[in-house]
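Colleague: Sequence:
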Amino acid sequence: MQNWRRIGEILQQDFTVPQERIAAALAEQELSGERLGQIFIKMKALDSTTLAKALAAQFELPYLETIPEETVAEGLLEIIPIGFAKEYRMYPLAKQNGSLQVAVADPLDTRPLNDLSTLTGARVEPCVATPEEILRAINRGYEKQAGSTGAVIEEIDGGNANELAISLEPRDLLDSSDEAPIIRFVNSLITQGFKERASDIHIEPFERELIVRYRVDGILHEVLRPTFKAHAGIVSRIKIMAQLDIAEKRLPQDGRFRVRMGGRDMDIRVSTLPTAFGERVVLRLLDKAAGILTLEEIGLESDLLQPFEAMISKNHGIFLVTGPTGSGKTTTLYTALTRLNNREKNIITVEDPIEYQLPGVGQIQVNPKINLTFANGLRSILRQDPDIIMVGEIRDRETAEIAV
Numbered sequence: 202m203q204n205w206r207r208i209g210e211i212l213q214q215d216f217t218v219p220q221e222r223i224a225a226a227l228a229e230q231e232l233s234g235e236r237l238g239q240i241f242i243k244m245k246a247l248d249s250t251t252l253a254k255a256l257a258a259q260f261e262l263p264y265l266e267t268i269p270e271e272t273v274a275e276g277l278l279e280i281i282p283i284g285f286a287k288e289y290r291m292y293p294l295a296k297q298n299g300s301l302q303v304a305v306a307d308p309l310d311t312r313p314l315n316d317l318s319t320l321t322g323a324r325v326e327p328c329v330a331t332p333e334e335i336l337r338a339i340n341r342g343y344e345k346q347a348g349s350t351g352a353v354i355e356e357i358d359g360g361n362a363n364e365l366a367i368s369l370e371p372r373d374l375l376d377s378s379d380e381a382p383i384i385r386f387v388n389s390l391i392t393q394g395f396k397e398r399a400s401d402i403h404i405e406p407f408e409r410e411l412i413v414r415y416r417v418d419g420i421l422h423e424v425l426r427p428t429f430k431a432h433a434g435i436v437s438r439i440k441i442m443a444q445l446d447i448a449e450k451r452l453p454q455d456g457r458f459r460v461r462m463g464g465r466d467m468d469i470r471v472s473t474l475p476t477a478f479g480e481r482v483v484l485r486l487l488d489k490a491a492g493i494l495t496l497e498e499i500g501l502e503s504d505l506l507q508p509f510e511a512m513i514s515k516n517h518g519i520f521l522v523t524g525p526t527g528s529g530k531t532t533t534l535y536t537a538l539t540r541l542n543n544r545e546k547n548i549i550t551v552e553d554p555i556e557y558q559l560p561g562v563g564q565i566q567v568n569p570k571i572n573l574t575f576a577n578g579l580r581s582i583l584r585q586d587p588d589i590i591m592v593g594e595i596r597d598r599e600t601a602e603i604a605v
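Count the sequence shown with the working numbering and you get residues 202 to 605, in order.
Check each hint, because a few of them may be wrong.
Here are the simulated lysine to aspartate or glutamate pairs, DMTMM-like style, with alpha carbons at most 20 angstroms apart [as the list claims (entries may be wrong)]:
hint, residue 1, residue 2
1, K254, E333
2, K254, D215
3, K396, E271
4, K530, E502
5, K530, E545
6, K530, E510
7, K450, E408
8, K245, E210
9, K287, E270
10, K245, D316
11, K287, E261
12, K430, E397
13, K254, D316
14, K254, E279
15, K570, E594
16, K245, E235
17, K570, E599
18, K570, D588
19, K243, E210
20, K515, D504
21, K396, D418
22, K396, E510
23, K430, D466
24, K396, E235
25, K287, E326
26, K243, E271
27, K546, D588
28, K430, E405
29, K254, E334
Label-pair restraints from in silico Cβ distances [claimed, not checked]:
hint, residue 1, residue 2, range
30, P453, E326, 33 to 41 angstroms
31, R540, Q239, 38 to 46 angstroms
32, I493, I280, 37 to 45 angstroms
33, L573, R465, 51 to 59 angstroms
34, R341, D504, 15 to 23 angstroms
35, I493, L232, 21 to 29 angstroms
36, R465, K570, 36 to 44 angstroms
37, L583, R341, 26 to 34 angstroms
The set of hints was computed from the structure by calculation and includes no laboratory data.
C-beta atoms are modelled at their ideal positions from N, C-alpha and C, and glycine is treated no differently.
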C-alpha cells in the first residue's frame with residue numbers, strides 16, 4: 202500500500218492509454234487542480250469502468266464489476282442516510298468481525314470513509330466500483346427498505362398531522378428518512394404503489410376508518426387501514442404536492458405532480474372528491490421510465506395479434522378502445538400509435554393528460570380553463586392535415602359527433 206504507482210503510469214502500462222492523452226490530462230490538472238481520473242473522464246479519454254479498475258489497481262483494492270442485489274448487510278441502510286450514500290457514491294456491502302466492507306467510486310476521498318467508520322463504529326474496508334454501478338445499487342437497495350407504510354403510520358400524531366404535511370418537497374422519495382412521519386407515509390404509499398405495479402391509489406374515508414387500496418391489473422386490493430386521525434394530514438400533504446387549494450374541502454379538485462424515485466421520474470395525477478366523511482383522493486401513477494409496450498407485450502392472445510395490427514393499419518375508419526379503469530385502454534392506444542408512427546404519417550393526439558411523450562407525434566394537452574376542450578382540440582386538429590388522430594376521451598356528444 203505504500204508503493205502506489207501513479208494513476209497515469211497504471212493507465213499507460215496496464216490499460217494502454219496513449220502517452221499523449223496522459224500528457225494532455227496532466228497539463229489540464231496543472232491548471233484546474235482536479236483529480237487526474239476525473240479529467241480523463243471529462244476529456245472522454247477513458248470510461249468509468251477503466252478508471253475504476255485503474256484506481257483499484259493503484260490502491261490494491263478489490264474491484265466489483267457488479268454489486269449483487271442481496272449483498273447489503275441487514276440494518277446498514279437504516280444507519281447510513283441515502284443522501285450521504287449518493288453524495289459520496291458509496292454503498293455498504295457487509296459487516297462482520299468489526300469490519301464494514303463498502304463499495305466506493307473514489308478511494309482517494311478518505312473523509313467520508315472516516316465519517317462512515319464513526320457512524321457505524323466499524324473499521325471500513327473499501328472496494329472499488331463505478332459511480333453508475335454504485336448509484337444503481339443505492340437506488341435498488343434503498344427502494345427496498347423505503348419504509349413500510351404500516352410502520353410509518355404508527356408514528357403519526359393525529360393532532361399535528363395536518364401541520365406537518367405542509368413542508369418542502371424532498372428531492373427523491375427515497376430520501377425522506379428525516380422528514381415528518383406524515384410526509385414519509387405519503388412517500389412510502391407512493392413508493393410501495395410503484396413497486397406493486399399499481400395503476401391507482403385510493404384513499405377513502407368512512408365514518409370511523411380510513412382505507413387505502415391499490416388497483417393492480419384492474420382489480421382493487423385493500424392494503425392498509427391507517428388511523429382516521431391521519432386523514433386530514435394525508436390529504437393536505439397530497440394537495441401540497443399537487444399544488445391544490447388545501448383550504449377548499451367542499452369542491453372536487455384535480456392536479457398532478459412529478460416525483461423522483463430512485464432516480465426515475467414518475468408522474469402522478471390527483472383527484473379529490475368531497476364525501477360525507479371527508480375527501481376521497483385517487484392518485485393515478487404513471488411510470489415514465491416504464492416505456493411503451495409492444496403489441497406482443499400488451500396481453501393479446503397470439504391469434505388476435507395479426508387481425509389487430511391489420512385493423513389499426515387501415516387507411517380509414519375509427520378504432521374505439523373501451524373498458525373499466527385500469528384495464529389498459531391508454532396502454533393499448535399508445536402501443537397502437539407507436540406501431541403506426543413513422544415519418545410518412547402526420548399523427549396528432551388530444552389528451553388529458555399526456556401520459557407518455559411519443560417522438561414524432563403532435564400531442565395536445567386539454568386545458569378547460571382556456572376552453573381547449575377535447576371537442577375544440579379535435580376541431581382544430583382536422584385543419585392540420587392529419588393522417589391519424591387519437592382522442593384520449595370522448596366525454597360528450599359534441600366530441601363524439603366530431604370524431605365520427
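Colleague: Can you list which hints this structure breaks, lowest number first?
Modeller: The structure conflicts with hints 5, 10, 11, 12, 13, 14, 18, 22, 23, 24, 26, 30, 33, 34, 35, 36 and 37, although it agrees with all the remaining ones.
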